[in-house]
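Take a look at the letters that make up each chain.
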Amino acid sequence: MSEFTLRLRRYNPESGAPPYWEEHTVDLEPHRSVLEAILQARARFDGSIGIRCSCRAAICGSCGVRINGRSDLACHTHLDTALKHSRDGVIEVEPMGNMPIIKDLIVDMEAVHWKKIQRVTPWLIAKQPVPEREYVVPKETMIDVTQSMACIQCGACVSDCLSMEVDPEFIGPAALAKAYRFVGDPRDDQHFERLQDLAEDPHGIYDCTHCFACIDACPKGVAPMSQIMRLRRLAGSDHGIVDANNGERHEEAFVSLVRQYGLLNEAELLPRSYGGDSPLAKFKPSAQKELVSSLPAIGKALLRRKVTPAAVLKPHKLARTDLQQIKKIYETVEGREQRFELNLYITGYDEELEGAGAQPAVGSVGGDGQPSAEHGQPGQTPGGSPTR
Amino acid sequence: MKVAYWPGCVSRGFTPELHGSMARIAPLLDLELVEIDRGACCGAGVIAEHNQELADTLNARTFALAQEVGGAAMMMNICSTCQGAQTECQERLDANAEYRAHVNETLAQESLSYEKGLTNKNFLWLLVEEFGLDKLRERVRRPLTDLHVGPFYGCYIVRPVDRLGIDDELPRDTYLALVIEALGGTVIDYAGSHKCCGFPIITMNKEASLKQAGRHLGDAVDARADCLVTPCPLCHLNLDLQQPLAERVVGRELKMPVLHLPQLVGLALGVPADQLGLARHVVKPTAVIDWTASVVAGVGESTAEG
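In order, the protein sequence lines correspond to chains A and B. Under the numbering used here, the first residue of the first sequence is numbered 2, with each subsequent residue one higher. Under the numbering used here, the first residue of the second sequence is numbered 386, with each subsequent residue one higher.
Derived from the structure by calculation, the hints contain no laboratory data. There could be a bad hint or two in this list.
[Claimed, not checked] Okay, the calculated bits of chain B under chain A, using three or more residues with CB under 8 Å as the criterion:
(1) 396-402
(2) 439-448
(3) 452-464
(4) 526-537
(5) 577-586
(6) 603-616
(7) 624-630
[To be verified] Label pairs and their in silico Cβ distance ranges:
(8) B:R522 x A:K290: 47 to 55 Å
(9) B:T504 x A:S49: 48 to 56 Å
(10) A:R337 x B:R522: 46 to 54 Å
(11) B:S496 x A:Q129: 22 to 30 Å
(12) A:T142 x B:D659: 53 to 61 Å
(13) B:R609 x A:T309: 28 to 36 Å
(14) B:R609 x A:E141: 20 to 28 Å
(15) A:K85 x B:E523: 52 to 60 Å
(16) A:S287 x B:P556: 40 to 48 Å
(17) B:D659 x A:L292: 53 to 61 Å
[What the hints assert, rightly or not] Here are the simulated BS3-like pairs of lysine-lysine, each with C-alpha atoms no more than 30 Å apart in a straight line:
(18) A:K301 x A:K315
(19) B:K506 x A:K328
(20) A:K329 x A:K315
(21) A:K283 x B:K596
(22) A:K318 x B:K506
(23) B:K501 x A:K328
(24) B:K596 x A:K104
(25) B:K506 x A:K285
(26) B:K596 x A:K116
(27) B:K591 x A:K318
Yeah, the Cβ is synthetic: ideal placement off N, Cα and C, and Gly gets one too.
Construct the complete structure from the given sequences, taking the supplied hints into account.
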């Protein structure tokens, strides 16, 4: 047995008193979980400590908390690991972020997480007519959506979402991963409608700030951000949805400017993101309005010679031969009949496949044919299955 | 050490002082930079969002060009976003031989080929892992004594941890703090150091984007930082260039100078401030530099040299 000290964040909104920290030292084997430590503290020292839990085996998703500032399941975090990542030898446990606190370590999942899940129509709208027998779905497509289905609704990604921190209305990682579960399912009839809805919502897919926090927070390898990027790819490239949030325009402008210049042309990217992918975009009212609102920043940048008129008018560009090569790459890749996408969740790594026997590199899964939840655990060595 | 040097786009566009200061300090760190001037934009995640294969192929081309640099120990970049976006593409290319061959087939049109296993490190990683903090300490000529520096990493260089190889052995998400200490400065611990600057959504949700920048800058002000330092030019755009607008969104004065990593290193190595492009920032680093004497504030005359 070893001693571990916990620093718990206590708060009871009904008491009227502000939140405070409280330390308890417990006796447990280092491989036991932070949840067990909290439960021991509650049993031995203070029966009023609020924590929600049920299965104690990382299946039910009830015990999401922040441990040393990072969201995870309390039952899924070993005490020795938690101690190693503590700042001062004390394991700090707080309630999850981005959600109101009910008491101590218990947050109101209903008010935030479940509302957002409901927002994305979280059920399959079947194609009609429904086949008499089973609906046959390609195996790879099914494995692809299993990644989202691995979600146990613990809210860890919602807690760490850096977009939601500044925009509480953002639909968020868990719900958008759930949305992909249906958009990626060939049996669903409403792919376009779902994508249009999520692209046009000012707090939808284009409100994700691409910070990867949800990928690291998820204890089940769902990689919500990767699913959001898939939604964007499908909305913009496959369904041609030009949204009111400049999401698709920004992407189009970026891709086409790199084709033209080889490098990013920042001075053109901004107006085109607002006015559309054309050199005339800067004269469009939507782009003009944006330029005017940015004048305080632009003015200072010019004043300090951070941005020079010459750099704006004559942007950096690769040499002609290189630009031709880049154009060829664009033509080859964009000229394919179908967009080619390597999904590491489906294929895994070469080495892993070699270890599992002689399987083809593309279109196969792990040795047992099923990418189990354990397959994509974050924090595994690079030899393990990727989670993105 | 000779490296295939990938400056990225923004360091040659809207933050030219980054490229300039890196070139200025390289000889002081025994670094020979062989610039990959033929490579295309890494795509910053946006090209991958549009078409993964396109981003993978463009970056495979850059990697192939890097591998052609004779005698180079590795590829080095100076942009968190390049590091993250390129590592993501490299992960796919390295994971699957069939896919790599498929991408190389496109590159074969110009007789280029990417071979699995390129090492591509941000200057920050190279500084700590290759050059070493002890050696860096020895080279400091003007320690940043009394300078309170807040690290700002940029998402792409700290997450996801397994893809970027961050673990107990390589705690890359602590390197900025280690470097600041080695340069003699004081590390400021504040809430925003590992958070998002908001840049990726500046054209989609400007208010949320500026709120992110403004909040982190405000947290740094409250923690009494004199300046921030970042290895990411895109973070620099949102934290420095956009700071006047961020001030309006969060409704407070910030006036927080943001330095590029090579600038901070350069100051401590004794490079005169005017050779590091510090005058080009939107927020004047007056808290950091005493312009009349060209020394680091708080250091005093005794160490004012070089």
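Does B:K506 pair with A:K285 here, judged by a C-alpha cut-off of 30 Å? violated (41 Å)
Three-residue Cβ test at 8 Å for the coverage of the region 603-616 of chain B by chain A: Since 0 is below three, the answer is violated.
Given as covered by chain A, does the region 624-630 of chain B meet the bar of three residues or more with CB within less than 8 Å? It holds: at least three residues are needed, and the region 624-630 of chain B offers 5 whose Cβ sits within less than 8 Å of chain A.
Tell me if the beta carbons of B:T504 and A:S49 are separated by a distance inside 48 to 56 Å. holds (54 Å)
Regarding A:T142 and B:D659, is the given constraint of 53 to 61 Å on their beta-carbon distance met? holds (59 Å)
Hint says 28 to 36 Å; check whether the CB-CB distance for B:R609 and A:T309 agrees. holds (35 Å)
Residues of the region 439-448 of chain B with Cβ under 8 Å from chain A, three needed, outcome: Answer holds; 5 residues pass the 8 Å Cβ test.
With a cut-off of 30 Å on the C-alpha distance, tell me whether B:K596 and A:K116 pass. holds (24 Å)
Check the hint pairing B:K506 with A:K328 against an upper bound of 30 Å on the C-alpha distance. holds (28 Å)
Range agreement (Cβ of A:L292 with Cβ of B:D659, hint 53 to 61 Å): Because 31 Å falls outside the window, the suggested range is violated.
30 Å Cα cutoff - pair B:K596, A:K104: Cα-Cα ~29 Å, so holds.
Is the listed coverage of the region 526-537 of chain B by chain A valid when you require three or more residues with a beta carbon under 8 Å from a beta carbon of that chain? Violated, because only 0 residues of the region 526-537 of chain B bring their Cβ atoms closer than 8 Å to Cβ atoms of chain A.
Hint compliance for this structure: hints 3, 4, 6, 11, 14, 15, 17, 25 are broken, all remaining hints hold.
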